[in-house]
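Use these hints to put chain U onto chain G, whose structure you have.
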Amino acid sequence: METFRTAIELLSVFVLPTLIVGFPLYGLYKGVPVYEEFVEGAKEGFDVAVMIIPYLVAILFAIGMFRASGAMEFLVEGLRPVLSLINIPPEVLPMGIIRPLTGSGSAGIVVDLINQYGEDSLIVKIAATMFGSTETTFYVIAVYFGAVNIKKTRHAVPAGLIADFFAMILAVYVVQLLFA
Amino acid sequence: MLNYIWAGLIMFSLVFALATDAREIVEDRYRNDEALAVTLEFPERYAPDARRQPVNVRIEPEVYQQHYDTDEAPAESYEATFLQTRDGDQVRFSPDASLPEPLNTIREFTSGSDNELQARVASAQTNGQTIPATIVFDEVRFVKMTAIAQAAFDFADTAVNIIIGLIGALALWLGLLRIAEKAGLVAVIVKLVRPILRPLFPGVPKDHPALGVIALNLSANMLGLGNAATPLGIKAMEELQKLNQSDDTATDDMVMLLAMNTASVQLVPPVLLVAIMGLQINQLIFSIIIVTGCSLIVAIIAARLLSKMRGYRESDPNRPKKAAPEIEDGVDAKASDSSQSN
Numbered sequence: 001m002e003t004f005r006t007a008i009e010l011l012s013v014f015v016l017p018t019l020i021v022g023f024p025l026y027g028l029y030k031g032v033p034v035y036e037e038f039v040e041g042a043k044e045g046f047d048v049a050v051m052i053i054p055y056l057v058a059i060l061f062a063i064g065m066f067r068a069s070g071a072m073e074f075l076v077e078g079l080r081p082v083l084s085l086i087n088i089p090p091e092v093l094p095m096g097i098i099r100p101l102t103g104s105g106s107a108g109i110v111v112d113l114i115n116q117y118g119e120d121s122l123i124v125k126i127a128a129t130m131f132g133s134t135e136t137t138f139y140v141i142a143v144y145f146g147a148v149n150i151k152k153t154r155h156a157v158p159a160g161l162i163a164d165f166f167a168m169i170l171a172v173y174v175v176q177l178l179f180a
Numbered sequence: 181m182l183n184y185i186w187a188g189l190i191m192f193s194l195v196f197a198l199a200t201d202a203r204e205i206v207e208d209r210y211r212n213d214e215a216l217a218v219t220l221e222f223p224e225r226y227a228p229d230a231r232r233q234p235v236n237v238r239i240e241p242e243v244y245q246q247h248y249d250t251d252e253a254p255a256e257s258y259e260a261t262f263l264q265t266r267d268g269d270q271v272r273f274s275p276d277a278s279l280p281e282p283l284n285t286i287r288e289f290t291s292g293s294d295n296e297l298q299a300r301v302a303s304a305q306t307n308g309q310t311i312p313a314t315i316v317f318d319e320v321r322f323v324k325m326t327a328i329a330q331a332a333f334d335f336a337d338t339a340v341n342i343i344i345g346l347i348g349a350l351a352l353w354l355g356l357l358r359i360a361e362k363a364g365l366v367a368v369i370v371k372l373v374r375p376i377l378r379p380l381f382p383g384v385p386k387d388h389p390a391l392g393v394i395a396l397n398l399s400a401n402m403l404g405l406g407n408a409a410t411p412l413g414i415k416a417m418e419e420l421q422k423l424n425q426s427d428d429t430a431t432d433d434m435v436m437l438l439a440m441n442t443a444s445v446q447l448v449p450p451v452l453l454v455a456i457m458g459l460q461i462n463q464l465i466f467s468i469i470i471v472t473g474c475s476l477i478v479a480i481i482a483a484r485l486l487s488k489m490r491g492y493r494e495s496d497p498n499r500p501k502k503a504a505p506e507i508e509d510g511v512d513a514k515a516s517d518s519s520q521s522n
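If you read the protein sequences in the order shown, they are chains G and U.
Each step along the first sequence adds one to the number in my numbering, with nothing skipped, and position 94 is 94.
Plus 180 on top of the position in the second sequence (first one is 1) and you've got my numbering.
The shape of chain G in the complex, shown without the other chains:
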């Protein structure tokens, strides 16, 4: 495991410099006017970013309100009995709800759980695996679709949420299997 991690880490350290240097170098070799083409491409960056703003504002302010409203306390109380039935510790439920909505919010939950239960606890391991295994789906939808002005997202939300939901449940059982 340790060697695997080192190898992957080494790879992820070298990938970026290789690409950033490699693309222009290869372009130069192929006779591309690299500087001119770079600037031409980079020009788009600002416009694309500005195009995303309305989409991200729409998504984030709704999520922000939901988080600020105290909804979490109600949901956790309501779902607690259901969760204990299927052997999922209710402490990790806020993570399950918040994760597709906000990255910083769910990171905050991991920190809270560490303070409460300690780094070595099963709860923290489950929550951290949940965090590492899923994405802030709504943020990704806003940014990726916003960049190309796609408003009608069709089955993107259900597909993303199905994957998130599955990953959350699986995280609970995999961690319990490996560590309990």
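Keep in mind that the hints were calculated from the coordinates and are not lab data.
Below are the BS3-like pairs computed for lysine-lysine, each with C-alpha atoms no more than 27 angstroms apart in a straight line: (1) K488/U / K152/G; (2) K362/U / K30/G; (3) K43/G / K151/G; (4) K43/G / K422/U.
Among chain G residues calculated to face chain U with C-beta under 7 angstroms, some are: (5) V34; (6) F38; (7) M65; (8) S69; (9) G70; (10) A71; (11) E119; (12) T129; (13) E135; (14) Y144; (15) V157; (16) F166; (17) A167.
Beta carbons are placed, not taken as given, at the ideal position from N, Cα and C, and that holds for glycine.
For chain U alone, kept in the frame of chain G given last:
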């Protein structure tokens, strides 16, 4: 679906905020207008003439817990300033005091940008060095209602800040990719990944650069390179949009790319998680890889199956021309832009 989730988030925040506020009013959680017994300790003797003087506020844990009906306990004593004003005596807690609930909420709600919790001194025998007193905090009502309105503005700000932070990385990658495209490098990548990616993105022609950018995006995602993955994903979406007959409706391929991004295999855990967990993360890498590997498969199957469902199949902007009359509807709808939505 997004329409309903979005409206739902907003509506439910109002409902939950109202419910929470109503509960707090019924419980009188903040004990509005009720005096809390404390002890004021003046480092030197109480000076009757001083307009402001330092003071330590001691709150007995039992008194506090009974007063607010809570398990939390206050610190032994809090640094504060004793103020004599025209409206009576005041105690202002030091802004960096770490307060128990509900005092912390009271501070957040009532103090301005100075972050000083203030209380009116209801009764005190202003004489000597250690004085028993009672203090009353400002009234607190409708915390959550105020909070959701504030959150709406805060997060609108956050959104713009996130995007501004993205501009640089976006420009960098769009520039690099332009070079790669002109140099024929993207075409090389396309050839390499075609056997794996083509079945997942059937709408992309054989030699289209979209496949190459998608491959770069997915690999960056796997390696946890957030600041490369997002710009590459955006570029991949742009390439897919070129193949889209509609201006505002996602194609099956776009949804597939999105699903694969939200459920991507994580060989390297997210930077944020590594920062939080430290070395403990080593134990979790294996479980994260298992979970993400499975969820990637689920995401691919879900995106594929959902695209076959009747409603989603009919809203596909790149539907084959067989259904001729409906296609014309589609073109009309496109012309009149976003008059209808799913």
